[in-house]
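Colleague: Chain by chain, the residues run as shown.
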Amino acid sequence: MKTLAAACAALALAALPALADEQEPVTTFTLDNGMDVVVIEDHRAPVVVQMVWYRAGSADETPGRSGVAHFLEHLLFKGTDTLAPGEFSKVVAENGGNDNAFTSYDQTAYFQRIAADRLGLMMKMEADRMVNLRLDEEDILTERDVIIEERNMRVENDPAALMREQLGAALYLNHRYGVPVIGWRDEMETLDLDAAYDFYHRFYAPNNAILIVAGDVTPDEVEALAEEHYGPLPANPEVGAPRARPQEPQQLAERRLTFRDPRVAQPYVMRRYLAPERDPGDQREAAALTLLSEILGGGQTSVLNRDLQFDSKAALYTGAFYDGTSYDDSSFGLVAVPAPGVTLPELETALDKTLAAFIDEGVDPDQLERIKFQLRADQIYERDDVQSLARRYGSALTSGLTVEDVQAWPDILQSVTGEEIVAAARKVFDRKQSVTGYLMPEETQDAPKEVTQ
Amino acid sequence: MKPVLAFVASLFLAGPALAAADIQTVETPMGFTAWLVEEPSIPFTSLEIRFEGGTSLDAPGKRGATNLMVGLLEEGAGEYDARGFAEARDALAASFRYDSGPDTVSVSAKFLTENRDEAVALLRESLVDPRFGEDAVERVRAQVLSGIRSDLKDPDAIANAEFDRMVFGDHPYGSQPDGTVESVTALTRDDLVAAHRAALARDRVYIAAAGDISPEELSALIDRLLGDLPATGAPLPEDVDVATQAGTTVVPFDTPQSVALFGHKGLKRDDPDFFAAYVMNTILGGGGFEARLMKEVREKRGLTYGVYSYLMPMDHAELYLGRVASANDRIGEAISVIRDEWARMASEGVTDAELAQAKTYLTGAYPLRFDGNGPIARILVGMQMDGLTPDYVVTRNAEVEAVTAEDVRRVAKRLLQPDALRFVVVGQPEGLEDVPG
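Same order as they appear, the protein sequences are chains U and B.
Note that the first sequence covers residues 4 to 456 in my numbering.
Note that the second sequence covers residues 4 to 440 in my numbering.
Everything labelled a hint here was simulated from the structure, so no lab data went into it.
A hint or two may mislead.
So the derived label-pair ranges between C-beta atoms look like this [what the hints assert, rightly or not]:
no., chain 1, residue 1, chain 2, residue 2, range
1, B, R342, U, A244, 49 to 55 Å
2, B, P233, U, R287, 52 to 58 Å
3, U, N103, B, L391, 26 to 32 Å
4, U, H204, B, R347, 28 to 34 Å
Pairs of lysine-lysine residues, derived as PhoX-like cross-links and limited to a Cα-Cα distance of at most 20 Å, are as follows [as the list claims (entries may be wrong)]:
no., chain 1, residue 1, chain 2, residue 2
5, U, K316, U, K435
6, B, K303, U, K93
7, B, K298, U, K93
Positions of the beta carbon are idealized from the N, C-alpha and C atoms, including for glycine.
Based on the provided sequences and hints, a complete structural model is requested.
Modeller: Pasting the structure below:
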């Protein structure tokens with residue numbers, strides 16, 4: 004067992020003495036069967052969170068079976084050899100706990116929040132369903148109806164969500180990130196027992212899982228319990244290799260789309276560029292893009308907000324989004340909602356002018372210093388919420404990063420310069436690697452005029 | 004069951020954030036009262052402030068004034084214009100959130116110990132001396148209008164608006180707090196100044212803090228922060244009775260999944276049967292997979308992703324509400340199952356096993372809520388608004404434990420009214436008739 008405490012940036016220490024002793028109380032070790040374990044201590048309340056993260060998400064699905072990763076997540080709440088359907092959640096509730104799960108492109112995670120002295124019971128049940136899932140045809144059919152209603156709620160009833168799906172599909176020419184996590188409706192309707200079991204057997208094994216325990220526990224307690232409950236599960240030699248997925252070819256042509264729906268009340272324009280993600284030992288460009296998204300779209304002091312909402316008043320809202328925690332190529336997004344009387348092409352032109360001017364003028368050093376100070380403060384605020392810290396580790400470790408990468412990340416963010424941020428912007432803002440979408444109502448009063456750049 | 008109950012008791016005693024003695028009551032020289040949980044291990048403080056009244060204080064014809072006013076508090080104050088304020092706040096790495104609801108204006112702040120005085124001085128400007136500058140008013144007004152127009156095409160928002168209109172009519176609860184396109188367009192700066200004067204006053208404020216701050220420091224902070232607000236605000240709205248008739252209101256809207264809200268009159272928070280009703284609702288529709296509605300509508304039939312019910316005691320009316328969403332060709336069956344479960348609970352009550360399970364869940368889950376400075380401050384301010392005393396954190400689980408199956412049967416009979424259970428359905432539901440209520 005090795006103890007790794009996050010060191011703080013020398014820069015941060017110099018600028019902010021109060022942060023000098025901030026260390027994440029994080030311990031990591033690996034069981035003999037290959038299961039990685041992360042322990043985050045917080046002894047303020049007798050509560051613990053157990054999370055089991057699998058290095059398997061929707062981007063690992065077999066083509067034609069979109070949605071099966073998420074479908075299987077639902078089915079893990081059905082029975083095992085020893086637990087009746089629904090019993091897992093029932094036992095958690097009977098012990099005063101809450102449980103849930105989620106699926107994303109690169110990971111599937113299951114978690115429970117419960118009194119600390121119930122941790123062993125949670126591990127026993129979570130280890131059980133890692134290898135002993137028992138499904139029947141009836142479970143499958145009823146739960147398939149449930150996920151279709153979930154898709155109805157999240158996507159079909161929301162034109163903006165439908166548009167974002169089309170946008171994602173157009174951004175990725177070859178990678179599975181272009182397929183929605185919840186699945187394409189037609190494919191969801193064909194998911195069956197074989198599809199679910201196939202995904203389960205390919206990916207659910209201790210050597211493809213990460214156990215994260217956060218709260219009122221010691222690393223020794225967690226290690227003993229983990230050895231007892233997860234230790235006996237055999238590693239599956241078939242899983243755990245680096246994930247080989249179809250990668251993006253060189254993108255040579257800008258994509259544009261217009262999605263119209265009578266339910267749209269507020270049009271907007273959204274653009275996504277292909278962008279690099281955090282890689283092990285190589286996170287600087289992703290750090291620069293993380294800061295870039297704050298500089299361009301992080302609230303009222305941001306560049307887009309200043310230019311498009313305050314100065315030209317062309318937009319009601321603006322935003323920028325980037326998440327570098329991703330196994331393969333991520334994306335950098337921009338969104339702008341037009342003020343009344345402003346067309347989407349006019350707004351898009353104004354947006355591009357702002358981006359060009361930003362690249363010319365560079366980063367405002369005061370703004371960059373404010374953002375860096377906020378990031379340092381977030382490390383303090385985050386200690387009040389160990390679940391968020393646990394999620395940060397789980398998400399990174401299932402995206403190909405290491406504990407060392409997670410702990411180096413804050414320092415890297417602090418050390419990124421304005422020049423690096425502009426260089427990252429110059430590289431990423433390449434329209435050939437982008438898609439631009441207009442969300443519009445059915446009526447044509449705001450029809451886009453062709454705009455030549 | 005025994006070992007589980009014993010475990011719950013020991014957990015309860017072990018929870019450090021839960022001892023009533025840990026909640027300090029701070030009386031300031033200016034006469035404010037605040038509750039505090041001191042937690043010095045992380046160098047920041049969470050502060051929660053609530054002003055009773057909220058958007059229901061809108062003057063006649065000025066619907067949306069309080070909402071717009073609250074949206075403008077951070078858009079320029081004292082010597083700062085909107086961007087200057089945001090820059091100053093960001094430079095301190097402080098977080099201020101301002102929100103409004105039918106009964107409250109809420110302010111949630113967190114700030115570092117090392118620059119607490121500067122952060123509080125800045126927050127004070129926004130509460131005491133907001134500018135309501137013309138530029139900011141027009142900018143935020145346009146955002147609010149965009150939100151109102153979007154709500155007119157959002158199935159959930161449409162259902163909420165229709166339910167509120169039907170149940171509350173002309174009472175402030177009967178219209179949407181954001182206002183209408185017409186009312187918000189007509190608001191003037193004077194209206195916003197008046198709304199500020201009406202809603203943010205010293206006679207209606209509740210305060211709680213948790214984190215790295217002493218009682219003395221908190222006392223001085225509060226007087227500085229709120230001492231210059233007016234002594235009194237606008238009179239609170241009248242109470243309103245809830246009367247509904249069984250039936251379904253259909254609001255046609257072309258979308259694949261129908262959204263249904265349902266409900267009728269509820270219970271006051273200080274009703275002697277409130278805990279029995281709370282336990283009963285946990286068993287009927289309280290969110291978890293164990294609830295009857297979730298079992299019957301989702302687990303057994305796959306008719307929905309989520310269905311739930313909840314008690315909603317507001318300051319001037321009480322509702323018992325629920326929500327479900329199903330494809331247009333299945334919503335009719337979902338509604339029929341919900342009606343059956345409503346009637347079954349009203350006539351049969353709960354089994355001893357269900358009751359025991361709900362109690363162990365509720366008593367076990369309660370201490371888990373106190374898991375950080377922010378959550379603790381929010382719980383403490385909510386307790387004050389509910390008229391509770393600090394020892395409630397100790398007595399609450401005992402009140403849950405004391406509920407008997409007979410209590411649940413009694414309250415189920417009294418509370419659940421199948422002949423008043425009203426559904427508002429937004430979508431293109433198949434086989435559902437619109438029955439005027």
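Colleague: Could you say whether the range 52 to 58 Å given as a hint is met by the Cβ separation of B/P233 and U/R287?
Modeller: holds (53 Å)
Colleague: Compare the distance between the alpha carbons of B/K303 and U/K93 with 20 Å, and conclude whether the hinted pair is satisfied.
Modeller: holds (15 Å)
Colleague: Verify the CB-CB distance for B/R342 and U/A244 against the hinted window 49 to 55 Å.
Modeller: This hint holds: roughly 53 Å between Cβ atoms.
Colleague: Return holds or violated for the Cβ distance of U/N103 and B/L391 against the range 26 to 32 Å.
Modeller: holds (29 Å)
Colleague: Would you check the hint for B/K298 and U/K93, treating anything up to 20 Å between C-alpha atoms as holding?
Modeller: holds (12 Å)
Colleague: For the pair we were handed, U/K316 and U/K435, check the Cα-Cα distance against 20 Å.
Modeller: Outside the cut-off at roughly 28 Å; violated.
Colleague: Can you let me know if the beta-carbon spacing of U/H204 and B/R347 is within 28 to 34 Å?
Modeller: Check failed, 41 Å falls outside 28 to 34 Å.
When each numbered hint is compared with the structure, violations occur for hints 4, 5.
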